[in-house]
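Working from the sequences, and respecting the hints, build out all of it.
First to last, the sequence lines map onto chains A and B. Here the first sequence is numbered in full-length UniProt numbering, starting from 1 and rising by one per residue. Here the second sequence is numbered in full-length UniProt numbering, starting from 1 and rising by one per residue.
These are calculated hints, taken from the structure and not from any lab test. Please read these numbers as outputs of a predicted model, since none were measured by experiment. Backbone N, C-alpha and C fix where the C-beta goes; we use that ideal spot for every residue, glycine too. Honestly, I wouldn't trust all of these hints.
[To be verified] Listed next, with one range per pair, are the computed distances between beta-carbon atoms:
id, chain 1, residue 1, chain 2, residue 2, range
1, A, V24, B, K41, 36 to 42 Å
2, A, E158, B, V39, 55 to 61 Å
3, B, L45, A, R109, 32 to 38 Å
4, A, T156, B, V39, 48 to 54 Å
5, B, G30, A, G213, 19 to 25 Å
6, A, G41, B, E61, 49 to 55 Å
7, B, L26, A, E132, 44 to 50 Å
[To be verified] Below, computed lysine to aspartate or glutamate pairings styled on DMTMM-like, alpha-carbon distance capped at 25 Å:
id, chain 1, residue 1, chain 2, residue 2
8, B, K11, A, E158
9, B, K41, A, D55
10, B, K11, A, D55
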Amino acid sequence: MRFGVVIFPASNCDRDCVHVLRAVLGQEVEEVWYEERSLDGLDAVVLPGGFAYGDYLRAGAVAARAPVMTAVRAFAQVGGAVLGICNGFQILLEAGLLPGAMLRNAVLRFRCTTVHVRVESTQTPFTRTLREGHVLQMPIAHGEGNYFAPGSLLSTIEEAGQVVFRYCDADGRVTSDANPNGSVRNVAGVCNPAGNVVGLMPHPERASEEVLGSRDGRLLFESVITTVIARREAPKQSRLYEIATGLRPSQQGRSPRPFGARDD
Amino acid sequence: MTTIRIIVTLKPGVLDAQGQAVQQGLRALGYESVGGVRVGKCIELAVPDEMPPETLDAMCERFLANPLIEEWRVERDEDGEEKSRSRVPAFPRSREVR
Chain A
1 MRFGVVIFPA
11 SNCDRDCVHV
21 LRAVLGQEVE
31 EVWYEERSLD
41 GLDAVVLPGG
51 FAYGDYLRAG
61 AVAARAPVMT
71 AVRAFAQVGG
81 AVLGICNGFQ
91 ILLEAGLLPG
101 AMLRNAVLRF
111 RCTTVHVRVE
121 STQTPFTRTL
131 REGHVLQMPI
141 AHGEGNYFAP
151 GSLLSTIEEA
161 GQVVFRYCDA
171 DGRVTSDANP
181 NGSVRNVAGV
191 CNPAGNVVGL
201 MPHPERASEE
211 VLGSRDGRLL
221 FESVITTVIA
231 RREAPKQSRL
241 YEIATGLRPS
251 QQGRSPRPFG
261 ARDD
Chain B
1 MTTIRIIVTL
11 KPGVLDAQGQ
21 AVQQGLRALG
31 YESVGGVRVG
41 KCIELAVPDE
51 MPPETLDAMC
61 ERFLANPLIE
71 EWRVERDEDG
81 EEKSRSRVPA
91 FPRSREVR
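See below:
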């Protein structure tokens, strides 16, 4: 599978993402410069963390208008898997590819610590092989990670199942003590209505090797690899195809269910 | 060319952690009667005189502000001396602070 990792001026987690995808997970990785106008040939794209354009104006605001974002938008529109991590999440929000906005942390501090998040939706390629309620341990490092959406938008997001991760304690309880930055309803990550674009503040690429204290972040990358490859290659009767597409054998006359589709 | 000043602030009710931190700083200096601080930003643009207000508004809505969390007001340079200083009414907002 072929990943693209986008590099903006002042991205600083791009090498970490490339390392995990290439060296740890054995995938092909293309480093995509922010002036690129095409993402042809890629199966998934990662917008890494950092402080793109110095976070000038607002975090992610200038990067969201960089040339490569036109390509990312087109890639997302045709169902390509896009993951925004930390600053990458902020960029996706500013680009309007994800709903909501980021405020400064309510605690008046830059938070650099380890958190737990609970998987709230498995209807995205990055969580498809996980289960709802799965608790993941990952680090955070941000000053503006206080997720905010005005009331009506928040209701829409909740009802559509677009909250993908919530901050929780080690046992999976969503409490205010477990909320590191004041995010509304402990939201740590969201997706677009189709589910193929996901953003989260924690850093899965910093939690993908045992030596770094946690391997939980690797599950997100493994999920998208499984999902994309299965959609492309797995025999239609296999369990793998079923997991990746959400289609049981009895339903396999139909086309794969779009990400984000929910059981009634 | 004329100078346009755009003042961007967080909408009322949106948490302003930066403002809170500044208020703590004022308190530390002994200004304990300050009841609230909101921090925004000021963006000065040099634009052609004939630029219509709708264009300036579009700039704010599309880029200079994030309409989900921020509001803005546009001030035009009235003195005509191109000193890059708009004539701003003194303390336009302070009267709202009770």
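To see whether the hints hold, each was checked on the structure:
{"no.": "1", "hint": "V24/A <-> K41/B: 36 to 42 Å", "verdict": "holds (41 Å)"}
{"no.": "2", "hint": "E158/A <-> V39/B: 55 to 61 Å", "verdict": "violated (30 Å)"}
{"no.": "3", "hint": "L45/B <-> R109/A: 32 to 38 Å", "verdict": "holds (34 Å)"}
{"no.": "4", "hint": "T156/A <-> V39/B: 48 to 54 Å", "verdict": "violated (30 Å)"}
{"no.": "5", "hint": "G30/B <-> G213/A: 19 to 25 Å", "verdict": "violated (45 Å)"}
{"no.": "6", "hint": "G41/A <-> E61/B: 49 to 55 Å", "verdict": "violated (35 Å)"}
{"no.": "7", "hint": "L26/B <-> E132/A: 44 to 50 Å", "verdict": "holds (46 Å)"}
{"no.": "8", "hint": "K11/B <-> E158/A", "verdict": "holds (23 Å)"}
{"no.": "9", "hint": "K41/B <-> D55/A", "verdict": "holds (14 Å)"}
{"no.": "10", "hint": "K11/B <-> D55/A", "verdict": "holds (20 Å)"}
In terms of the numbered hints stated before, the structure departs from hints 2, 4, 5 and 6, listed from lowest to highest.
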